[in-house]
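**Student:** As you go down the protein sequences, you meet chains A and B in turn.
Position in the first sequence (first residue = 1) + 4 = my numbering.
Position in the second sequence (first residue = 1) + 4 = my numbering.
Don't read these hints as lab results, they were simulated from the structure.
Don't be surprised by glycine CBs; every beta carbon is placed ideally from N, CA and C.
One side only, chain A facing chain B, incomplete, derived with CB under 10 Å:
id	residue
1	L201
2	W235
3	A267
4	A275
5	F279
One-letter residues, chain by chain:
Number of protein chains: 2
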Amino acid sequence: MSLDENWFSEPAQGHALSLDINQKLYEEKSPHQTITIYETKTFGRLMTLDGLTMLTSRDNFIYHEMMSHPALYNHPNPKDVAIVGGGDCGTLKEVLKHETVKEVTQIELDERVTRVSEQYFPELCESNSDPRASLVFEDAISWIQGVEPDSLDVVIIDISDPAGQAKRLFQVPFYRDCLNALRKGGIVVAQSKSPLLDLQVIIDLRADMQKADYVQIQTIQFPVATYPSGWWTATMARKGQKFGDFREQMARHKPFDTKYYNADIHKACSALPQFMQDAF
Amino acid sequence: MSLDENWFSEPAQGHALSLDINQKLYEEKSPHQTITIYETKTFGRLMTLDGLTMLTSRDNFIYHEMMSHPALYNHPNPKDVAIVGGGDCGTLKEVLKHETVKEVTQIELDERVTRVSEQYFPELCESNSDPRASLVFEDAISWIQGVEPDSLDVVIIDISDPAGQAKRLFQVPFYRDCLNALRKGGIVVAQSKSPLLDLQVIIDLRADMQKADYVQIQTIQFPVATYPSGWWTATMARKGQKFGDFREQMARHKPFDTKYYNADIHKACSALPQFMQDAF
Chain A
5 MSLDENWFSE
15 PAQGHALSLD
25 INQKLYEEKS
35 PHQTITIYET
45 KTFGRLMTLD
55 GLTMLTSRDN
65 FIYHEMMSHP
75 ALYNHPNPKD
85 VAIVGGGDCG
95 TLKEVLKHET
105 VKEVTQIELD
115 ERVTRVSEQY
125 FPELCESNSD
135 PRASLVFEDA
145 ISWIQGVEPD
155 SLDVVIIDIS
165 DPAGQAKRLF
175 QVPFYRDCLN
185 ALRKGGIVVA
195 QSKSPLLDLQ
205 VIIDLRADMQ
215 KADYVQIQTI
225 QFPVATYPSG
235 WWTATMARKG
245 QKFGDFREQM
255 ARHKPFDTKY
265 YNADIHKACS
275 ALPQFMQDAF
Chain B
5 MSLDENWFSE
15 PAQGHALSLD
25 INQKLYEEKS
35 PHQTITIYET
45 KTFGRLMTLD
55 GLTMLTSRDN
65 FIYHEMMSHP
75 ALYNHPNPKD
85 VAIVGGGDCG
95 TLKEVLKHET
105 VKEVTQIELD
115 ERVTRVSEQY
125 FPELCESNSD
135 PRASLVFEDA
145 ISWIQGVEPD
155 SLDVVIIDIS
165 DPAGQAKRLF
175 QVPFYRDCLN
185 ALRKGGIVVA
195 QSKSPLLDLQ
205 VIIDLRADMQ
215 KADYVQIQTI
225 QFPVATYPSG
235 WWTATMARKG
245 QKFGDFREQM
255 ARHKPFDTKY
265 YNADIHKACS
275 ALPQFMQDAF
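So here's chain A without its partners, still in its complex pose (with noise of 0.2 Å):
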């Protein structure tokens, strides 16, 4: 059977992922892409960026979660923190429930696309105006070119897929200029895409990360329903020393709510399918 036009498409390899739309609530076309928000009959609302879906109401809770938590918990004490685009502030939302994280800042190029954000997803914009939080409109290369050596604790990549202007962030030279931005034992965190359909992208990506001399890589898998194949990844990189522990107590009894990472699933995620073992 085919789907109508009340669907909303995203083909990828031959796979595509749709959802069901009462109707089109927004559409602009910003100075970088056309954002669009449709209100879907069972996902919540749904935005996306030039045809590609960003997040749904229903489901961006564990991304948002697993692009943040893992890597908080795996640092003693993350106090500086840099979210390299995620416009949609829902990563924001998350870092910023950490009571060691003294200040954060995101550097999202296209500032449409927090606006809109805040007017269709305010439950992922309540912590915007939290006095740790600084929302930054700029090219984030340029960014963490100007930040003090030595400054940052975790610097999250929450961009969408390397292509296009996004690609720049996924090489070898930005990811360095990463390293030189974070202190001793600081963690990159990047989206790497599909363990089943993207596997060379983590493969590369994890390759890249070790030219630019960090000391360990981890890639984490977590489930995805929106985006191709169901199912994603995260990958980590730290520098100047290994991951080991990381704050278990901790995290077994954090002072805030989440709906999917927990310190289980923390051990859980780094646990890879075989033939992902096998590929790195």
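Starting from the known structure of chain A, fit chain B onto it as the hints suggest.
**Tutor:** Just chain B now, kept in the frame of chain A:
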């Protein structure tokens, strides 16, 4: 954008997974259902039953490995195994990889599913002539009632969704029949759908296993790109005792190949997201 008629789509609760199709290779109306085989562009072959995805060549390994190896390595010495359903023979093939296993009976209602699988998925059927395997084509409820009590170690319920005919296989009386057929320490495992879309189904299934007097229930999770939401579960229950430790050293040095399962994944797959822990 809408997908044209070259795509096979399976809509489920306002969400749909689709595969780009080269051609329909085969279709038949068996006495039980319509069996269709497609050649997809990027997922190999696809089998559907009454329009629902059963498996693709590309990603069935995850489902079949996770329906068998966790239960088999949770058991100290699985010798006698029954597979309820499983007509494509992918689970049978995985079970027969275990040297402890002396006898496996696959009880599939629709013989045509197996015959079509032999033709279109020969790689899943390559162990069908193993002398330890018996292929039985009849109703699983009468079969299990006819089994000698305390004679099985593992029962794998590998059937499509709890609807129609299959519904009786997801109910307390059937779980109790399985319990009677199992030896003490025996394990039943059933596919239990998507955590994101079908949480209530999982909760009910766990409650039904509890009512059938199993001692401990454990749900495991894994990705299946071509099942609704791309995220799936199986639920295990044990007769007469708790799960305890799995045979980790055996799993770590298993004398056969897998593509998804390994000892790390075994430990990780029972870690549940916070919303599932809260719901159970």
